[in-house]
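As you go down the protein sequences, you meet chains A and B in turn. Sequential numbering from 1 applies to the first sequence in this note's numbering. Sequential numbering from 161 applies to the second sequence in this note's numbering.
Treat the hints loosely; a few may be bogus.
Simulated crosslink set (BS3-like; lysine-lysine; CA at most 30 Å straight-line) [claimed, not checked]:
{"id": "1", "chain 1": "B", "residue 1": "K385", "chain 2": "B", "residue 2": "K373"}
{"id": "2", "chain 1": "A", "residue 1": "K126", "chain 2": "B", "residue 2": "K425"}
{"id": "3", "chain 1": "A", "residue 1": "K36", "chain 2": "B", "residue 2": "K385"}
{"id": "4", "chain 1": "B", "residue 1": "K425", "chain 2": "A", "residue 2": "K122"}
{"id": "5", "chain 1": "B", "residue 1": "K372", "chain 2": "B", "residue 2": "K488"}
{"id": "6", "chain 1": "B", "residue 1": "K571", "chain 2": "B", "residue 2": "K581"}
{"id": "7", "chain 1": "B", "residue 1": "K425", "chain 2": "A", "residue 2": "K36"}
{"id": "8", "chain 1": "B", "residue 1": "K385", "chain 2": "A", "residue 2": "K139"}
Simulated restraints, written as ranges between beta carbons of each label pair [stated by the list, open to error]:
{"id": "9", "chain 1": "B", "residue 1": "V401", "chain 2": "A", "residue 2": "I156", "range": "23 to 31 Å"}
{"id": "10", "chain 1": "B", "residue 1": "K394", "chain 2": "A", "residue 2": "E20", "range": "41 to 49 Å"}
{"id": "11", "chain 1": "B", "residue 1": "F443", "chain 2": "A", "residue 2": "E20", "range": "24 to 32 Å"}
{"id": "12", "chain 1": "A", "residue 1": "P135", "chain 2": "B", "residue 2": "A426", "range": "44 to 52 Å"}
{"id": "13", "chain 1": "B", "residue 1": "N396", "chain 2": "A", "residue 2": "P135", "range": "26 to 34 Å"}
Examples of chain B residues toward chain A, derived with CB under 8 Å [said to hold, decoys possible]:
{"id": "14", "residue": "R220"}
{"id": "15", "residue": "T223"}
{"id": "16", "residue": "I421"}
{"id": "17", "residue": "H429"}
{"id": "18", "residue": "V465"}
Please keep in mind that the hints were generated in silico from the structure rather than gathered at the bench. Treat the numbers as computed from the prediction; the structure is a model and nothing was measured. Cβ atoms here follow ideal geometry from the backbone N, Cα and C, with glycine treated the same way.
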Amino acid sequence: MTSPASFKDSDKLLISTDREIFAVDANMVAGIIETKQLHMLPIISSHPALGKTGFIKGVITQRGEVIVVISLENLFKAAPVQNGNTHRLVIIKKDASSLGIYVGAKELSFLWKEELSNLEFKQLKKDYIVGLIDPYGKKIQLLDCQKVLEEIHKAISGRQ
Amino acid sequence: MKLKVQIGYKFIIGFLLVVSAAAFSPKIVHSLNIVDWLKEPVSFLIAILIGLILGSILSRSFTKDFSQLTSIANDISNGDLTQPDGIGVNNKILEDESTELANALNIMLKNLKGLVGNIKDASTNLYEAAEALNSVVTKGNETSEDISKGTAKIFEGALEQSNHVETALRTVKEMTRISDDVAAKIDDMAAVASQTRSVAQKSVAISTSALKKMESLLQGVDFTKDMILSLEEKINHIPKVLDVITHISRQTDLLALNATIEASKAGEHGRGFAIVAEEVRRFADNTKQSVGDVTQIIKEVRAEVERVVNSSVESTTFTEEGRADISKIKDSLDEINTFTSVVADKSGHVLTLTQKQKDGAEATVKLIEQIATIARESVAATEDVDRIVDEHRVSIEELIASANKLSELSKELDDVVARFKVGQDKLSFFPAEQTEKLELTEKTI
Chain A
1 MTSPASFKDS DKLLISTDRE IFAVDANMVA GIIETKQLHM LPIISSHPAL
51 GKTGFIKGVI TQRGEVIVVI SLENLFKAAP VQNGNTHRLV IIKKDASSLG
101 IYVGAKELSF LWKEELSNLE FKQLKKDYIV GLIDPYGKKI QLLDCQKVLE
151 EIHKAISGRQ
Chain B
161 MKLKVQIGYK FIIGFLLVVS AAAFSPKIVH SLNIVDWLKE PVSFLIAILI
211 GLILGSILSR SFTKDFSQLT SIANDISNGD LTQPDGIGVN NKILEDESTE
261 LANALNIMLK NLKGLVGNIK DASTNLYEAA EALNSVVTKG NETSEDISKG
311 TAKIFEGALE QSNHVETALR TVKEMTRISD DVAAKIDDMA AVASQTRSVA
361 QKSVAISTSA LKKMESLLQG VDFTKDMILS LEEKINHIPK VLDVITHISR
411 QTDLLALNAT IEASKAGEHG RGFAIVAEEV RRFADNTKQS VGDVTQIIKE
461 VRAEVERVVN SSVESTTFTE EGRADISKIK DSLDEINTFT SVVADKSGHV
511 LTLTQKQKDG AEATVKLIEQ IATIARESVA ATEDVDRIVD EHRVSIEELI
561 ASANKLSELS KELDDVVARF KVGQDKLSFF PAEQTEKLEL TEKTI
């Protein structure tokens, strides 16, 4: 669990949409890749919480590993944004699990630790969000990747 | 042979017969057986008796015709002319003055019958003639009124004709003036036609030169069109190159992102590299933005080139048409040159004809002036005719009054003649020639 003091420990990768900015720990990012096609497994597409109506957008294979790709718009029930022609993904590596966040043509930037030291952090009781960085300014939502991975594992394993 | 004895002698002879008869009365008495003293008075009485009887008989015999003649004269005086056989005095043995008087009365009666008959006929004819005259004069009056109306219309027509002639005169004068203007204009036109011919010749030379230049221009346009088409083809290759650049910039951006993440993982030692990676990202973003700008520019350039190509095609078409038009213009100018020459010649002819037309118009003016004079005289003459017709109408009215008076007089005459009773044997008093003359007079009326 990220505390107000520990959120400044690592740089943040910012994923910006028109209305919202999400942040993930840069040290959790395994890489940013482009892929031509996303695949959808039948077990996922038929699941109401995961498939077309859920937050999982598809799966890819990265160096032999199957990585689930999620959509932030679907996860937070936000309005979809234009993705463009490129399937750009941010690959998150947490322990032995990997997660793909679909960013499409969203702007990616970085927030360095030096910059974080000047910003406040406010914990937030919201699904998949740890808290707000700069709650009175840009209101950057720090993504709880651990919670997302757990949710995916639960869904895929059939546990509700 | 009848013996004529005057009435006086007849009375003397009668007197003698009475005296003789009275003289024989004593002898008659003496033969009678009467007393003597009675014989003388008886013989006196017998003598008186014989005298009275004989005298009465003779007197009646002698005056019988006069009474008849007196009665007939009275009838004639009353207008009774109906004695069918005249007066019968021709069976006397001894004719006297009564016979002559009867003959004279018979002749008078006969003549009166003829006269009255002729007067009756004449009166009847006169009445009919008066009626006919009245009818004819009435018709004449109507005819006179018609003539009066006709002359009024003729007057109006003559007046209108006079006005028309005046108008025609003004028109022809205007036409003459216009002919002068036309002659002047044609003279000017001939000069202009000559100038036009000169200008047309120059224009032909200029258009020939323009045609040659147009040929060169057309070749240049064709060359430009080929160049533009080649340019368009090369521009079409640019998007592919831009796609490659875009791909490279995107890969560069991705690589820089990953480099930045790795630099972040390196901690403090990777900050410098992260800055470089950010610069690389910015460079990739700039490249991407520039590619977008170039793509937009290339898009606009392609649109412009397409427009230029279309314009070039249109220009080629226009140039072709222009060349054809100039060729037509050159032909037209040749024709104009020919026509202007013809026009110059024709203008001379037209000028001559216009002069003739002007002379003719002047003669027409004189002729119409004469016609106008005649028309005005006609109006005056029509006024005179109208006045004469009015006078004639007054005369006709007087004649109608006279005919009515004559008709009345003929009626009165007829009434007067009607008082005479003529009977069946109407005799003509006038000779046949005179009767025919009277009939001719009636016909003349």
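Against the structure, the hints come out as follows:
no.: 1; hint: K385(B) x K373(B); in the structure: 18 Å, holds
no.: 2; hint: K126(A) x K425(B); in the structure: 28 Å, holds
no.: 3; hint: K36(A) x K385(B); in the structure: 42 Å, violated
no.: 4; hint: K425(B) x K122(A); in the structure: 25 Å, holds
no.: 5; hint: K372(B) x K488(B); in the structure: 14 Å, holds
no.: 6; hint: K571(B) x K581(B); in the structure: 17 Å, holds
no.: 7; hint: K425(B) x K36(A); in the structure: 27 Å, holds
no.: 8; hint: K385(B) x K139(A); in the structure: 59 Å, violated
no.: 9; hint: V401(B) x I156(A): 23 to 31 Å; in the structure: 45 Å, violated
no.: 10; hint: K394(B) x E20(A): 41 to 49 Å; in the structure: 45 Å, holds
no.: 11; hint: F443(B) x E20(A): 24 to 32 Å; in the structure: 28 Å, holds
no.: 12; hint: P135(A) x A426(B): 44 to 52 Å; in the structure: 30 Å, violated
no.: 13; hint: N396(B) x P135(A): 26 to 34 Å; in the structure: 53 Å, violated
no.: 14; hint: R220; in the structure: 183 Å, violated
no.: 15; hint: T223; in the structure: 181 Å, violated
no.: 16; hint: I421; in the structure: 5 Å, holds
no.: 17; hint: H429; in the structure: 13 Å, violated
no.: 18; hint: V465; in the structure: 26 Å, violated
Consistency note: the structure conflicts with the earlier hints numbered 3, 8, 9, 12, 13, 14, 15, 17 and 18.
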